[in-house]
Structure formats: structure tokens, C-alpha cells
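My request is simple: use the sequences and hints to build the entire structure.
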Amino acid sequence: MNMNTSSTTGWTLGELAEKAQATLKGDASRQVTGFSTLQDAGPDDIAFLANPAYLKHLENTRAAAVLVSAEHADACPTNALVLKNPYLGFALLSPCFARTEQMFEAGIHPSATISETAELGEDVSIGPNVVIGAHVRIGRGTRVGAGCFIGDDTEIGEEGLLYPNVTLYHGLMIGKRAIIHSSAVVGGDGFGFAHTGKNWVKIAQIGSVIIGDDVEIGACSSIDRGALGDTVIGNDVKIDSQVQVAHNVQVGDHSALAGCVGVAGSTKIGRGCLLGGGVGLGGHIEIADGVTLTGMSMVTNSIPEPGVYSSGTGVMPNAQWRKSVVRFRQLDSLAKRLNKLEKS
Amino acid sequence: MNMNTSSTTGWTLGELAEKAQATLKGDASRQVTGFSTLQDAGPDDIAFLANPAYLKHLENTRAAAVLVSAEHADACPTNALVLKNPYLGFALLSPCFARTEQMFEAGIHPSATISETAELGEDVSIGPNVVIGAHVRIGRGTRVGAGCFIGDDTEIGEEGLLYPNVTLYHGLMIGKRAIIHSSAVVGGDGFGFAHTGKNWVKIAQIGSVIIGDDVEIGACSSIDRGALGDTVIGNDVKIDSQVQVAHNVQVGDHSALAGCVGVAGSTKIGRGCLLGGGVGLGGHIEIADGVTLTGMSMVTNSIPEPGVYSSGTGVMPNAQWRKSVVRFRQLDSLAKRLNKLEKS
Amino acid sequence: MNMNTSSTTGWTLGELAEKAQATLKGDASRQVTGFSTLQDAGPDDIAFLANPAYLKHLENTRAAAVLVSAEHADACPTNALVLKNPYLGFALLSPCFARTEQMFEAGIHPSATISETAELGEDVSIGPNVVIGAHVRIGRGTRVGAGCFIGDDTEIGEEGLLYPNVTLYHGLMIGKRAIIHSSAVVGGDGFGFAHTGKNWVKIAQIGSVIIGDDVEIGACSSIDRGALGDTVIGNDVKIDSQVQVAHNVQVGDHSALAGCVGVAGSTKIGRGCLLGGGVGLGGHIEIADGVTLTGMSMVTNSIPEPGVYSSGTGVMPNAQWRKSVVRFRQLDSLAKRLNKLEKS
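Protein chains in written order, with our numbering: chain A, 2 to 345; chain B, 2 to 345; chain C, 2 to 345.
Be aware that a few hints might be false.
One copy or any two copies: either way a pair holds, since identical chains are not told apart in the list.
[Stated by the list, open to error] DSS-like cross-link-like pairs, simulated, lysine-lysine; straight-line CA separation at most 27 Å: (1) Lys20 <-> Lys203; (2) Lys269 <-> Lys203; (3) Lys57 <-> Lys341; (4) Lys269 <-> Lys177.
No wet-lab data here; the hints were simulated from the structure. Bear in mind that the values here come from a model prediction, so they are computed numbers and not experimental data.
Have a look at this one:
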């Protein structure tokens, strides 16, 4: 079931050109019902050409229309929506073909358990079995999916989406237009213990989590509350699935953390950083604005300068790798032997 | 509480020999109530010998019966179920001693919220607080655990098990005999954004997830829906806990992904691949059929040939490791100095 | 919303000194309502000085009182709670300022589905939409958050906290004072399959999980049940968020596993081990007591001696890293060429 083709109402090219702020070359009344790739598009779909590598597919596309830049407009065999950044146009039009409403019900479901002291804004929808604690405030138009839990005193701004089975602990502050996916947890305890010499003693995590506007948090991700003071996620931060953000971490505006990233406690990530999948950041370090870390990088020290950083060894046939691993253990002595040879 | 010994009804060795397609040497009417290892088995347990390293435990086992290959049948001091592959025999008999029914209730629980347009097959069971959206179709005999959510238009085949608190988004297609463990999420949004130069603009994820027959998905794992087009999981694919499969990934039939694996977007994994725990695959690459990746391998390029591949450095004492890490940074210059010496 | 300052009832310094077993130098009747850092503390807060690096902040702190060691008592400009280990004092006092009650409701919520055969101890509280199976036993004072599921025959000791949306499978045994965070799953199936040559055959996981006293499990973590025999977590083991513990793993008392750790099947971790974030342990290995593994270490063999161990390469600028990666592949031949040069 490809949802591309399941939308039945559709949009005219005129409407779409307006939404994408594109110049339409072609039939403004032509109706499209799905978005697809150049290769897979049918006659009711719109497609886009962003990556020149796909130019070869433009000629034979069956799409009703294509988002293209001016330079490829003439090569487009069908209706063209011409704009500077076709990929951005794709993003702008994509919500027209999404079926988000299939995950939420309008209104307040009778099975929800809502504190009398909670304040729900206009047009808030609350799904089945949702539990909302005391003094919770939910902004206008926010939709709370089935089975979500929101602890006392937590505040979430307007136009948010909490997908089913999200847990928000108590005393959090979450901005506008938040999107939080299923099984994600915000505000669970950070990992803090003192040691008596014999046993661990838990440090109650009495800080909170403060999340800016336009933040997305993926499925099964966890953002821990601060020990003292707060974990802080800036505006327009995008967090993928299976990500762990520990207590008292700060993430600067517009940064993006891909799947399986782990950030240890009290680390500060700058603005506009890009963390590839599986990147691990040690605790109490600082990453400058504009740092890109490629997938699975292991970062144990601060990075004070913007740039692209990496770590790890490339994958190789196991037999050969075993030899390299042995030599890695010997690297310091190999280098010293080389020094000695050079001097002799 | 070891569940091995808690089954009270039990099976005769005759019944078990038939299920395992084994030849019984011994008492067909002997009753066993549990499955255990050779060392731990009591007189009401059946055990197996698959790995020759455990042959030493055969002689003194207290088990009522042992699954053995023909070559060890004579050494078996008790009833023997003789078959070619005792480990497979163990797998075939193991369900006889599982207590899966302890997680599900028969029938439709009155607290469930089920759309009038949903179609439930014969013998489907729906637990407490389950929410099932419009036009959902659930095949015969599938059991849906407490607190599960199934979004509109999703279809799941017969004889499936959704453990409690699973979330299936809308418009998915899941095959027969699926097993999905708690807190797992299928169909959440992939991680896709366009950048305006200032902000991220979300790309609505309008594809779906298509999952074949006989697929298992572990606890807390997430399989994202496609951006355009679908994420596709083949038949007989086994996915462990804490795994992240990003949008538009394709996983070939019979492949197995161990715990904490992360697969970035649009990557294609072949048939019969084995990914060890914590393996990370970059986006837009292709892994051939029959590739094995050892644990924590980092793969950034396609692997066109079958075989066993690895990456990473072995673990070593920290003091020594620090020196190797410094030298790793110097590796290129070390190699160049070596070249120079050779030429001098 | 920083929860530090939101507690309104408060404590006197006299009360706090007694709880921390500290000697009070100052006004025993002074009331404090929050805990904070030396820098951020206001006049109603207590703070602590544990790390000498923060000594510079002592002089100007606005805190009502500070936990200090004897050596810094004289330098404290305000009321001092003098004790040997201020960090431990912080841990001991932190629960006074936590708002755990904001996540749980007293009593048994009418929407809960509780088996008639379940045994609930005195002062157990059960939140909305909780499902509790047959023969479950819950110890005195344990609080079960909204949407939790507890399978048949599972036992959990006294004074535990199950945060909302936790899933405990059937037949588990969990000790006293357990803390389990949201979306965590205990007792899901381990990853075990036999191969017919054509297909995977699932090995029903018929073992259980046995968890000692004083164990904490973080958000979105998963502890799988044993295949045969049990997965065993010792006493005072602390497990962070996004951790995967596979079937039949054993974790010794007092060990701590930080975020995103993955432990493969049948591995045995000793007592008092510290696993940094993202550490991966292969299957069927043994880690001695007192081993520390730094973040993202990859361990494929047993570690028989205590100590600090590491693996991985440090992060470096991508262009330079690419060169090192190439040379890593050549390491064995580089070493052989060096050998040859030395002999010539």
C-alpha cells in the first residue's frame, strides 16, 4: 500500500504552484492526487528533480507535473513547476499528500483521563486512553494520540503532534509545532548516582527538559531531564529515532541528530550541527556551531572549530581486518621503530 | 522463576518425537514438562546436544530425554530423540514449553476502541485499551496485546502476535505470522527535511512500510515509513531489539539484524545477510546477498560481494589505546616516511 | 520550568543536616525549597561543592546553604552542612526536592484491568489503563504508572516505581525498590533462531528475567528473557536509557551500564563494572569484576583482568581521517615492510 496514490481528493497544479511559490508552465487546472519519484510517478502524480543524477529519468517520466529548476524546465516533457530549489518545493508540497489525520481523532475521547486542572486550548484533540496530569497546559490545535501520558505541570505549545504512546514526564516545557513520535520519552531520569564505596545512591533528577519551537523527536527516542538545572533543546532541532540525549545536554538551534545518536551528560552541541547516525558524544564536552560528524563518530573531547569530523575504521574483509587490528595494537611501537630507522 | 519448569500439562516423548521428526529410542509414554540445558535439566525436562563442546555434559545429564544426532545416540544415557539437526529440533519443540498465552487474552476486550470499519478475522483477540483505526484489516488468529495502537488503513496478516504497547502507524501492510514486541514502532516518519538556508522544512513522509511474512521485530525497535515509496522488509527477516530501520530501506528475505543495528535511509540489504549487534549502515548504499557484518561494523560504502566483513579496533588497556589513537592520526605520514626510507 | 524552585513546602537546614548526616554550621531553622548549583542557586536553595574546580563559585554563591567537606567549611560564606562526601550528601538530599508524585496517582484507578488472581500489597497504587495479568504479585508501596502492562505470573517487590507505559512480560521476578522508566521492556523474546538451510525457525524463549533489588532501568531500554534458563541482573545494577541486554546475559551486582550499551547473548558481566555509553559486548564472553569500558568500546573477547579498557579511533577532520582509514587497511603490509627494512 503506497500512500502516494491513496489520496483521492487531490490538488490542482495551480494550487500547488502557489504553495511552492513556483512558476507554472502548463495546465493550472490539471488535478494530481499523489507525489512520487520521477521513475515511479503515474499520470496522477507530481514528481521533482533535485539531484542532477536523476535527470535521465526526466525524459520518460509519466508524472502529471515535475518540480524543476529553471535550467531543466525546457527538458521537462510535461507540466513544470519551476522554482529555484525543487527539493524545498518537494518539502513544501509534501504535507498535501500526507495522511496524518489517520493517526488522530478529533475531539476529546471519553476514555481519556484528564485532570480538572489541566488547560486545553482551542481545537485540542485527545485520543483514547490518554492520561493528562494536573496543571498541564496544551496549546491550541495540538493533537495528542492514543495512550499518551503527560505528567503534572508539563506545558506543550500550539499545533503540536504527539503520536500514540508517547510519554512526557512532569514539569516539562515544550514549544510550538512539536512533533513527537511513538514510544518516545521526554523527561525520564538522567543517569546520576553517587557511590558510598559499597552501593550506588540515586541522585533524584530534579531538573527538567525545555524544548524550543519546531522540534521533532523520532520514535523510541529519549530525552532525559536535568539533574540540577535543565536539559535544553533549541528551536528547529530535529532528532531522529532511537536517539538518547542525557541529562543537562544543550542542543543549539537548527541542529539535527540522526538515528541512534547518543549524547552523554552535560555536553553542549552548538547551532546548526549535523550528527550522523550512531554518533556518540562523551559527557561534559562542547561542540562548536556548524560541526558535522559523520556516522558512528566517537567524540571524547570538545571540538572548538566548525568542519566535518569523523572517526572509526572502514569496513574490510574480516581476515584482513583481523591483521589490521593486531597492528593497531602495535602502532606506537611501529612508529617508534620507524623513528629509530630514520635516525640510523 | 524459570519458566522451563512451570508448564504442568506436558508432552509425551512420543508426541515430541513426532513434532521434531525424530526417531525415539526409549519410552514413548514418558512425560516431560520443561526444556532445559543438559547441565540444568531435571527428570521432567528434555534437553539437546547440538554443540560438541557440551558432549561432556551428556553422560551425567538428569534429563528425561535428549535430542541428539545419530553419532551421539549411543552415548545418551537416557531416552534419545535422534535426528539430523538437534538444534533445529530444539527450535521445533521450544514452542511446546513457551507461555505466550500469558501475554494475551482471548476475545475482544470491552475497553478496546475499534473503528466500525475495521475488519477482524476469525479468532482475532484484542486486549485491553487497544485502539484500532478505520479500515484496518487483521487476519485470522492474530492476537493484539494491551495498549497497542493500529492506525487507519493498516493491514496485518493471519496468526500474528502484537505484544502490548506496540504502535503501528497508518497505511502499513504487514504479512502473516508477524511477531512484534513491546514498544516497537512501525511506520513513524523517516528523517527528511529540506533546508531553506535558515530553517529546516519537514518533508512529510508519504510512503509506507511493507513487511513480508514470518517477520519478527524486537522490543523498542523502529521501522520508519518511506518518504516517497515504501520501506520494504522481505519475508523471514528477523529484527532484534533496539534496531532502527530508516525510510526507504529494503531488507532482503531471510536477513537477520541483531540488536542496536542502525540502517540509514534508502540503503538496500540483500538476501540472507547477517548483521551483528550495533552494526551501522550509511545511507544510499547496497549490501550484496549473503554478506555477514560482525558486530559494530561501520559501513559507508556498498559491499558488492558476499563474505564476512568487519571494522573497528579491538579493545585494549586504555593507556596503550591512547598511544595507538595518536598514531592512528599520524598513519598517513608514518606510511609516507616508510615509503621514503624504502627508497633511500 | 526548573523544578528546583517549584517545591513550596521546603525543609529546614536542621532537617536536611540530619538526613545527610552532616554537621550544620549555621541556622537550623532556615527554610530551603530547592537544590541547585553554586552558580545558579537563589536564596531559597541549597547547593553543594564536590568538585574543587567549582571552588571559585563558593565565595559568591547566593545559596541559603552549601554541602561542603571540612576543608572548605571555613570558605563557605553562608550556612554550611559539613560532611565527608558532599556529592553523596547531594544524592541523599536530592529526593527531598524531586516531584515523583507528579507521575503517579494514589489508589487503584477504576480504568485498570486487574486479574482477580493478582496479589497487590499494601499501599500499591495502580494508574489509569494499567493491565495486570493472572497471579501477578506486587509488593507493598509499589507504584504502577498509567498504561503499564504486567504479564501473568510476574512478581515485583516492594517500593518499586514503574513509570507510565512500561511493559513487563510474563513470569519475571523483579526485586525491591526497582525503578523502571517509560517505554522500557523487560522479558521480551531473545533473538534466537535455528536455520533449516532455507528458513529461520524461531526458538521460543522459555527462560525468564530475574532482577535483583535496587535496580534502575532507563527509558526505552530492553532486557530480553532467556532462551533456556534466565537473564539475570544482580543487585544495585544501574541501567541507563536505550540499553539492550540480550538473552541469558548475567550482570553482576553494582555494575552500571550507560546509555545505548548493547550486550549480546549469554555474556557475563562481573560485579562493579562500568560500561560507558554505546559500549558493545559480543556474545558468550566474560568480563571480570571491576572492568571499566570507555564509551563506544567494542569488545569481542573476554576480559579476564580488572582495569580500564578502550577501543575505537579518535575523531579527526574528515579529510585527514580518510587517509588514516586507507592506511589502516594497509597496516599489516606497512608493518611487514618495516620489519624488512629493519633487517636490511
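Okay, the hints, checked on the actual structure:
1. Lys20 <-> Lys203: between (53 Å within a copy, 14 Å between copies)
2. Lys269 <-> Lys203: both (24 Å within a copy, 25 Å between copies)
3. Lys57 <-> Lys341: So lysine 57 and lysine 341 fail the 27 Å test inside a copy (57 Å) and across (47 Å) alike.
4. Lys269 <-> Lys177: within (23 Å within a copy, 36 Å between copies)
In summary, the one numbered hint that this structure violates is 3.
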